[in-house]
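The task is simple: from the sequences and hints, build the whole structure.
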Amino acid sequence: MPQSKKGKYSSKLSDDKKSGSHGSFRANDDFFRMMVESLNGYSVFTTDKKGNISSWNVGSEKTFGYKEKDIIGKNMSLIFTAEDIRNSIPQKEIKESEKKGKFIEERNLIKKDGSFFWASGLLYPLKDKKGIHRGFTFILIDRSKEKEIDKRKDDFISTATHELKTPITSMRLFAEIVEKQTEERGDLIALESVRELNVQPDRLTALMNYLLDVAKIQQGRLELNKTFFDVNQFIEGIILMVKSISKDRTISFTKNKNNKEIYADKERIGQVLTNLISNAVKYSDKENEIIVKSTYNKNNIIICVQDFGSGIPKAEQKLIFNRFYRANSAIGQHISGIGLGLYVAMQIVKAHNGKIWVESTENKGSTFYLSIPKKTKN
Amino acid sequence: MNIINKKTILIVDDNKYILKPLSLLLFSLGYLVKTITNGKDAMVMQKPFADAILLDMHLQGIKGQDGPDICMKLKEAEETKHIPIIMFSADSNGRRIAEESGADDFIEKPFSMTNLAKKIEKYI
Chain A
806 MPQSKKGKYS
816 SKLSDDKKSG
826 SHGSFRANDD
836 FFRMMVESLN
846 GYSVFTTDKK
856 GNISSWNVGS
866 EKTFGYKEKD
876 IIGKNMSLIF
886 TAEDIRNSIP
896 QKEIKESEKK
906 GKFIEERNLI
916 KKDGSFFWAS
926 GLLYPLKDKK
936 GIHRGFTFIL
946 IDRSKEKEID
956 KRKDDFISTA
966 THELKTPITS
976 MRLFAEIVEK
986 QTEERGDLIA
996 LESVRELNVQ
1006 PDRLTALMNY
1016 LLDVAKIQQG
1026 RLELNKTFFD
1036 VNQFIEGIIL
1046 MVKSISKDRT
1056 ISFTKNKNNK
1066 EIYADKERIG
1076 QVLTNLISNA
1086 VKYSDKENEI
1096 IVKSTYNKNN
1106 IIICVQDFGS
1116 GIPKAEQKLI
1126 FNRFYRANSA
1136 IGQHISGIGL
1146 GLYVAMQIVK
1156 AHNGKIWVES
1166 TENKGSTFYL
1176 SIPKKTKN
Chain B
-8 MNIINKKTIL
2 IVDDNKYILK
12 PLSLLLFSLG
22 YLVKTITNGK
32 DAMVMQKPFA
42 DAILLDMHLQ
52 GIKGQDGPDI
62 CMKLKEAEET
72 KHIPIIMFSA
82 DSNGRRIAEE
92 SGADDFIEKP
102 FSMTNLAKKI
112 EKYI
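First to last, the protein sequences are chains A and B.
Plus 805 on top of the position in the first sequence (first one is 1) and you've got my numbering.
Under my numbering, the residue at position 76 of the second sequence is numbered 67, and the numbers go up by one with no gaps.
Since the hints were derived computationally from the structure, they do not count as laboratory data.
Here the structure is a predicted model, which is why all the values come from computation and not from measurement.
Warning: the hint list may mix true and false statements.
[What the hints assert, rightly or not] Straight-line alpha carbon distances no greater than 27 Å define the calculated BS3-like cross-link-like pairs of lysine-lysine that follow:
{"#": "1", "chain 1": "B", "residue 1": "K110", "chain 2": "A", "residue 2": "K1048"}
{"#": "2", "chain 1": "B", "residue 1": "K64", "chain 2": "A", "residue 2": "K985"}
{"#": "3", "chain 1": "A", "residue 1": "K1031", "chain 2": "B", "residue 2": "K110"}
{"#": "4", "chain 1": "A", "residue 1": "K917", "chain 2": "A", "residue 2": "K854"}
[Claimed, not checked] Where chain A lies over chain B, by a calculated footprint (3+ residues, C-beta under 8 Å):
{"#": "5", "stretch": "2 to 9"}
{"#": "6", "stretch": "14 to 22"}
{"#": "7", "stretch": "74 to 88"}
{"#": "8", "stretch": "98 to 106"}
Cβ coordinates follow ideal geometry from the N, Cα and C atoms, glycine included.
This is how it looks when you write it as structure tokens:
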């Protein structure tokens, strides 16, 4: 673990004093120290540009168990899990915060005694008056309790939906018996009703599967079973399936001729693409066609799904990927849904290190893009 | 069809709300149906005569007599190892568990009779 010499903090501070760039700051130094110390429920600490810790408040002592004197000068990677260190997370975080002006921290961090807790907070680049980048400020809070409650909620959803599947199977099988009998008797009205009844278990199942997926994602249990497959064939299959449900729609497909091979979890990516095409069907009029394209760039295989529907206002374009978010237009037009499709899609794509985004103009239509990193077999 | 030519399917499930419609549907498709409602009975049965077995993965009750245990024992025994076993469960990991315990096939709940019938036809 990288470790810098102790006392660097104080020597650095005296350098600043000499330069005089912190004149007004010095006058308020005690006040600020008091303020930071009073935040004893929050861990507030600073590091230099390399991530070596330069200040450590009482809240940090309480949260992590390290005394100020023991940790000053040590690298902040000390509080990260071994796995995160292996994945260069600490470096990535400070880089990201420098690039974007802040980084939102949500992860397990390690205490002095080796136990871990769910930390939530922010990481800011620390700049002096001249705007020169001096290091970083971390503001963290222990959210383990909330995380635990969240986990219990997800476990509950998981168990409840699982338990619901057996009665749904039973309902479905009984409905099938009634359907058969009604068919034999030739009662058309009853037959139509019972067929309708028999579709409902499928809807319920789809809904439950979404809830189960969300629970899995929340618990970080979304497992991928990646294989190589032909992206064109795969898209054709999905289009055929959507067409079998929405028979009156025109869905065209432009294949890509090179780079046909994709490395992904076929079932999960199929779920994403089905969602995108079904949305295109849902949010555009019958007479408008839907265009699916398979393309690629240097590093990615890209699939586009374009519709000529009502479009999505700019302000909503990012929000539609949030959990339980439903576009105003969808609510206004009474289009059914629970606001989980795109959220789940985004999580699946993220798990593939891919990207999903939308380009849309109101009243003209939307194009959803799905991009998955290329991988060669060798 | 002559009753002698009819194929027999054994269903092992502790839930009568699955057992009943499943039996009725399989019967209407021309199968003879036998049912067992718990793992214990399935284990006592020395020669579960059947052309195929539908086995619920999660049977209530005694340890060592859950679906996978029964499946493994049936697949180990000389008299029964040839009988195709289709396991079913609401668990999405069910397929893996079914494979590990030697089942010939798996179907996830909720399933439709059409899908189940297709699977059965594959084996008998």
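Hints versus structure:
With a C-alpha separation of about 25 Å, the suggested pairing of K110(B) with K1048(A) holds against the 27 Å cut-off. Only pairs whose Cα atoms come within 27 Å are accepted, and K64(B) paired with K985(A) is rejected, the gap being roughly 37 Å. With a C-alpha separation of about 26 Å, the suggested pair K1031(A) and K110(B) falls inside the 27 Å cut-off, and the hint holds. For the hint pairing K917(A) with K854(A), the CA-to-CA distance comes to about 23 Å; that is within 27 Å, so the pair holds.
Given a C-beta distance limit of less than 8 Å, the hint that chain A covers the stretch 2 to 9 of chain B holds, as 3 residues qualify and 3 suffice. Beta-carbon proximity to chain A at under 8 Å applies to 3 residues in the stretch 14 to 22 of chain B; the threshold of 3 is reached and the given coverage holds. Coverage of the stretch 74 to 88 of chain B by chain A holds [criterion: at least 3 residues with CB-CB distance below 8 Å; count 3]. Figure legend: the stretch 98 to 106 of chain B, annotated as covered by chain A; annotation consistent (5 residues with Cβ-Cβ distances under 8 Å, at least 3 required).
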